[in-house]
Amino acid sequence: MSALGHYLEEEGIPTVAISLIRAQTEKTKPPRALWVPFELGRPLGPPSDPVFQKRVILAALRLLEREHGPVIIEDFPEDDPRERPDLSWRAPLAKHDLDDGSATRLAAALEDESAWIEAAYRRAAVDRGRTIVGLSGLSVGEAGRYMAAWLRGQTPESPSAEMSAVLTLRFAVDDLKAAYIEVALSGSARPSSKQLGDWFWNDTAAGTATFALRSMYLTSEDERLKAIAGLFLVPGVRATQRG
Amino acid sequence: MARLTDLPPAQAKRYAELECPSFATTPWVNGPPLAERRVAIVSSAGLVVRGEKPFRGRDADYRVIPSETRPDQLMFSHISINLDRSGFQEDWNVVFPLDRLRELAAEGVIGSVAATHYSFMGATDPVQMEGYARDVASRLKGDGVDAVLLSPV
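For the protein sequence lines, the chains are A and B, in the order given. For what it's worth, the working numbering labels the leading residue of the first sequence as 1, then goes sequentially. For what it's worth, the working numbering labels the leading residue of the second sequence as 1, then goes sequentially.
Isolated chain B, as found in the complex (with noise of 0.2 Å):
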């Protein structure tokens, strides 16, 4: 269904089109075996725990999820209207996968889930989000987290 063929010419068009970042670096980071990391999940569907602000527009900021947050305390606020919200209505797991990293972990596949998850807003331009990101990074890092899952919409 995401294959472009699939979507109406239009859309197919303006996403094959859309003006993406090119990076001068490449960059690479290897680390230890998946049964010892600590995996967090980075969504960009617009991601916000009940009472915290929804985002607006194309905010660049990110929201904090904590890994004990509950199916029925995270809200979906990405501004697209042009992608489905019903998976993520009838099943959390399909957007963020936190039930899916709890069992990977109870069964040794990863090491352990990270204390906290983010989520930005996948529509705003990406340059803007590049502060927030490395700002993230940090966070990660001081949660001992060695993998991240990055979870679109």
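Next up, chain A with everything else stripped away, as it sits in the complex (with noise of 0.2 Å):
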């Protein structure tokens, strides 16, 4: 990001980057940055807070004024107030009561659960009039048939002719997650990013099925899967808590 400033700027125009890991932004030092303490993902802080945001944008775009520089580093002294969980918060799902050691009864599980959220997260998209599901070109509950095929060990053809089964794979996963957690977000309570990701990676058969995938898949002689399984299915942090 701070480096799209600094060639924007060769061009002649003025910039001013947020700055969400300040290590990289005092290497590359571009022009003007304002440091946020937020979230991986939320530059600007807190969603639904148009307040807030307001804030964090006016002490960037502030940053424009000064005539003096490069290079301008400040730091924004608010933290996110929605990383504090909201106790109001209900799962949409009880908690499923799978293990993760047969992958075809989790497959059957998955197919279950998401057909369940399918439903939900139509629901969802009319009220909330957004989803962000989209990106394998499959339906939700055609996700969850997709994931579940490779947990049986099949590998399933992708409905793309531009996509490898491999990509579409990935996508499948992110579509999935995505519809699970606009179907969570689709009351009036307003959950912490953690409250979504424990329900999600902990108490449903889809995180778990992700779980599976990425075990089963890490050591595939086909590199391409294996990059997938091992970077792209299960985040870092959750992955590391697994063990």
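FYI, nobody ran anything at the bench for these hints, they're computed from the structure. Don't take every hint at face value.
What the hints assert, rightly or not - Here are a few chain A residues that sit away from chain B, every Cβ distance over 10 Å (derived from the structure):
(1) G5
(2) S19
(3) P43
(4) P77
(5) P92
(6) E111
(7) G129
(8) R145
(9) M216
(10) T240
Stated by the list, open to error - Simulated crosslink set (DMTMM-like; lysine to aspartate or glutamate; CA at most 25 Å straight-line):
(11) K141(B) <-> E65(A)
(12) K54(A) <-> E68(B)
(13) K13(B) <-> D75(A)
(14) K54(A) <-> D72(B)
The structure presented is a predicted model; accordingly, all values stated were derived computationally and were not measured. Glycine included, C-beta positions come from ideal geometry on N, C-alpha and C.
With the hints in hand, could you dock these two chains into one complex?
Rendered as structure tokens:
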């Protein structure tokens, strides 16, 4: 991000970067940057809090009015209030009680659960007027079935000529997870990302199935599949916790 | 949370030691007061308007996001799974603060909002992006933009 600032400024366009990782910004030395103490993925901080977001964006844009530089790196002083859990939030599904010992049972549980989620997801998408599901080209139920096929040791054909089966698996996991999170966000409660992640990764068949896919294909002879399994299915922090 | 001390040690080490480009020059361009500036967002979140090609791997090119894009049209195809997407799912302004820019323009705090915004894939080696970044600069100039908010993830 900071490097882009360098290139744009060289071309004559004033820039200010929001920085999430101060150490990287200090190395790249963009003309102006505002470091924010927020979670990766949330450069403006708390969702659904326009007043807070405006303080962040203004703190950044005001750096454009400084007459002297470069390099300016300032720190935003407030933490994200949405990192605190919302105790009124309730998980949309009861905790599933499968261990991940049997891939076949897990595949069936994933298909059942994702069929339920698909119905809830469709209602949530209408209520919320928005969804980010759609990278794989599969419906939510199809994404669940696509993952289940891989769990059974099959290599299902990609629905798109432009996308390999392995890439489709990665995007199917992204889409299915996104659908679960949108269902979990559909009420009036405002859960933290940790609450949502704990629920998805610890309590759902989809989370358990994703861990199982990672384990199954981590030793694959197909280098692309091995890379997808190791790096692009389960976040590092969750993989470390599970061991 | 994005303090390195709050991240798992292996992830913190990776981010702290990540090779970043260093530049021989330190460019700096002044401009008019904020109230007269035309502001664009350049994101590195791998954002893509629905129907366009998602970013794959470490693509170095960029996607165009017209200002009339609606929240339900914008998708997130960043390669990393180690960053939160739920904030963007709840409120796109967390990553792409177009509504906030419009409000600031309506309040007269900034001059105007650009007609077009841009997105890159932040995990790509920035050196590979240079030509594309310069191309974006040319398009921004064509739109009269004189302030860019660079928004990472």
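Hints, verified against the model:
A beta-carbon of chain B is positioned within 10 Å of the beta-carbon of G5(A); the least distance is around 5 Å. Interface exclusion of S19(A) from chain B breaks down, the closest Cβ pair being 7 Å apart, not more than 10 Å. Once the 10 Å rule is applied to beta carbons, P43(A) is inconsistent with being away from chain B; the minimum gap is 5 Å. No Cβ of chain B approaches the Cβ of P77(A) within 10 Å, the least distance being about 13 Å, so the stated non-interface status holds.
For P92(A), the shortest C-beta to C-beta distance to chain B comes to about 14 Å, beyond the 10 Å cut-off, and the non-interface label holds. Non-interface status of E111(A) relative to chain B is upheld: no Cβ of that chain comes within 10 Å, the nearest being about 23 Å off. For G129(A), the non-interface assignment is contradicted: its Cβ lies about 6 Å from the closest Cβ of chain B, within the 10 Å cut-off. Distance check on R145(A): its Cβ is at least 21 Å (rounded) from any Cβ of chain B, clearing the 10 Å threshold; non-interface status holds.
Its beta-carbon lying about 17 Å from the closest one in chain B, M216(A) satisfies the requirement of being farther than 10 Å from that chain. Look at T240(A): its CB is around 6 Å from the nearest CB on chain B, not clear of 10 Å, so calling it non-interface is violated. With a C-alpha separation of about 19 Å, the suggested pairing of K141(B) with E65(A) holds against the 25 Å cut-off. Distance restraint check for K54(A) and E68(B): the Cα-Cα separation of roughly 20 Å lies within the 25 Å cut-off, and the hinted pair is therefore satisfied.
A C-alpha spacing of about 21 Å is found between K13(B) and D75(A), which places the hinted pair at or below 25 Å, so the restraint holds. With a CA separation close to 22 Å, the supplied pair K54(A) and D72(B) stays within the 25 Å bound.
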